[in-house]
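Respectively, the protein sequence lines represent chains A and B. In terms of the numbering used here, the first sequence is residues 1 to 242. In terms of the numbering used here, the second sequence is residues 243 to 580.
These are calculated hints, taken from the structure and not from any lab test. Check before you lean on any hint, since a few could be wrong.
Derived DEER-like restraints, expressed as beta-carbon distance ranges [what the hints assert, rightly or not]:
| hint | chain 1 | residue 1 | chain 2 | residue 2 | range |
| --- | --- | --- | --- | --- | --- |
| 1 | B | 292 | A | 21 | 44 to 54 Å |
| 2 | B | 282 | A | 117 | 17 to 27 Å |
| 3 | A | 221 | B | 338 | 18 to 28 Å |
| 4 | B | 338 | A | 117 | 36 to 46 Å |
Quick look at which bits of chain B chain A covers, simulated, 3 or more residues with Cβ under 8 Å [to be verified]:
| hint | stretch |
| --- | --- |
| 5 | 292 to 302 |
| 6 | 317 to 323 |
| 7 | 349 to 356 |
| 8 | 467 to 474 |
Below, a sample of chain A positions facing chain B; criterion: calculated Cβ distance under 8 Å [what the hints assert, rightly or not]:
| hint | residue |
| --- | --- |
| 9 | 18 |
| 10 | 88 |
| 11 | 97 |
| 12 | 203 |
| 13 | 233 |
| 14 | 237 |
| 15 | 239 |
Remember, predicted model here, so these are calculated numbers, not experimental data. Just so it is clear, CB atoms sit at the ideal spot from N, CA and C, and this is done for glycine as well.
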Amino acid sequence: MNFSWRRVGAILRKELRDYRRNRFVIGTMAAVPVLFIILPTIQLIAANTTDKALTLRIGLSLLYMLVIPVTMPSVVCAYSVVGEREQGTLEPVLSTPVSREEFLIAKALAAFVPTLVVAYAVFGIFLAVAALFAHPVIVSAIYAGTHVLVQFLFTPLLAGWAIWVGIAVSTRSTDVRVAQQLSVLGSFPPLIIVALMSLNVISESTALAIGLGAALLAFDLLAWRVVAAMFDRERLVIGRRG
Amino acid sequence: MTLRPASQVTSRAQPISAAPTLDGSKGDCALVVEHLTKRFGDRVAFDDVSFEVGYGEVFGFLGPNGAGKTTTVRTLGTLIMPSSGSAVVAGIPLSANNGPAIRSRISMMPESPGLYLRLTVTENLQCFAGLYELDDVRGRIARALRAVNLEDRARDLCGSLSKGLRQRVALARALLNDPAVLFLDEPTSGLDPVATREVHELIASLRERGVTVFLTTHRLEEAERLCDRVAILNTTLRMIGRPAELREQLFRRSLDVRLRAPLDDPEAVFGAVGEVEGWEQTPSGYTLSVSDPDLAAPALARALVRAEADVLSIAESRHSLEDVYLELIDEDVETKAR
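Build the full structure now, drawing on both the sequences and the hints.
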């Protein structure tokens, strides 16, 4: 049977409806961005333009925003499989013709789309607030270098990594809380590289950003293959392989 | 709950005809299972199970907890792969590659309804209609809801429904794709008597509509009432047949005789009746093993009148499916104890 986008769409629509009515998911999607926009914005507005560490401060502020594509999907995806199993909804879904690729892509998109919307919206708000209230020197410092490129490039790539880690953990977990903790923990490592760039430990350049982005994309694709291989109906339904 | 006549429900009222087979064999059977076995390491879930289920049949799969009923259903539903043996499900040989094709032709309703509680009834059904890639989604949902008498609850959140209503939604979901075989795994488990009766009525209406139903249960009255044939599983398949056939295979036919007072010489009275093969005294009278109750009863009545006995009643002993079941399970317990 061929890959069906209609089946992907059915799960995706179901997931998005479910999120909308789930206070926990809405809370996570609202609270995390609010948290990560207030602090960096205040930090930038209050920054001293003569500060030698201005670039570092900007890098740190923008780094906060990259925490969004790491934490948000990892929490949501950690629930995606083990949560359905706890609810008893996994078996009916797996009893349909849906393939593992369709199921996984649908679950991934259901986390990816809202994450991207929220992360880019928060970054947009940050830029708008900076443009309106920050000193012009600070604003031009934001647009100088690779800050904006890093934000746009690494937001989906970090989200992709967090999604596959979250789903991988979720397929092997028996408890939602444990899955969420492990998932968040496993989602952070790529952020370290980005942090080292943002904080100028690794001197940032467009070539380096694109190179690291390509490497992270390769890891994302590899993670997708690994998760797809881990996805086993029998294990998911009965908790072990026969 | 009242059910609409099948003809008013859907065009599926006619029995589902034999589905085309991929291998060309046993096209008249919805399920053909041959020597199927599933092991989890050292533990045997079910062993060397063989049976056939015809199209339009309601087939009961009975057994105590842990007998392997649910694992059998999951295996036939391609959720888990068998350790050995073979099966043809809805005309398609059971194999990992054929999983999606088999799953598109069947429906499974697990013990727990497994509904998305934050979604409405319609939204739940829409999701599954999409997963089956069905056309005319609105029409199908409307027909499925009509079949389970839930049209007026279509916009309700599933979380707001009672357990019985959720079971009906799950049944509507299972009917969406017009399955060639409908697997119902303990559909009345945990339901109160009213909800249980409603589900029984729904299954009976499916039977009238010619839907092939594979029903696992440990409720014997449920199987006796709803199923054309039953199989009793206790890791291995112990018996299979119509409930009446199972009774006949396992129990000798007998007559229960109630008298106002015991007979002076029962051997002389019962021995004179040719059809009586043996007898034993019970607290309320006598139980007689007979070859044919219809022939034995009149002859016995005449013999008792001749012996001047005050006859209160002569009736054929009724062995329920429960008796059959308990007899078999007790045998297994005794075998294991040895």
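Quiz item: Does residue 233/A meet its interface restraint, that is, does its C-beta lie within less than 8 Å of any C-beta in chain B?
Solution: holds, 5 Å
Quiz item: When you take the CB atoms of residue 292/B and residue 21/A, is the distance between them in 44 to 54 Å?
Solution: holds, 47 Å
Quiz item: Does residue 18/A meet its interface restraint, that is, does its C-beta lie within less than 8 Å of any C-beta in chain B?
Solution: Result: holds, 5 Å to nearest chain B Cβ.
Practice problem: State, for the Cβ atoms of residue 221/A and residue 338/B, whether the hinted interval 18 to 28 Å holds or is violated. | Solution: holds, 25 Å
Exercise. Go check the stretch 467 to 474 of chain B versus chain A for me, would you? Three or more residues, Cβ under 8 Å, otherwise it fails.
Key: violated (count 0)
Exercise. Return the status of the interface hint for residue 239/A: holds when the least beta-carbon distance to chain B is below 8 Å, violated otherwise.
Key: Check failed: Cβ of residue 239/A comes no nearer than 10 Å to chain B, outside 8 Å.
Quiz item: Is the shortest C-beta separation between residue 97/A and chain B less than 8 Å?
Solution: holds, 4 Å
Practice problem: Go ahead and decide if the range 36 to 46 Å is satisfied by the Cβ distance of residue 338/B to residue 117/A. | Solution: holds, 38 Å
Quiz prompt | residue 88/A as an interface hint toward chain B, with CB separation required under 8 Å | solution = For residue 88/A, the interface hint holds, since the closest Cβ of chain B sits about 4 Å away, which is under 8 Å.
Quiz item: Can we keep the residue 237/A interface hint, with Cβ of chain B closer than 8 Å?
Solution: Given a least distance of 5 Å, the restraint on residue 237/A holds.
Practice problem: Could you check if residue 203/A really has its C-beta closer than 8 Å to a C-beta on chain B? | Solution: Hint violated; residue 203/A Cβ to chain B Cβ min 49 Å, cut 8 Å.
Exercise. Take the stretch 317 to 323 of chain B, compare each residue's beta carbon with every beta carbon of chain A, and decide whether three or more fall closer than 8 Å.
Key: This one holds; 5 residues, not fewer than the three required, reach chain A with a Cβ under 8 Å.
Consistency note: the structure conflicts with the earlier hints numbered 2, 5, 8, 12, 15.
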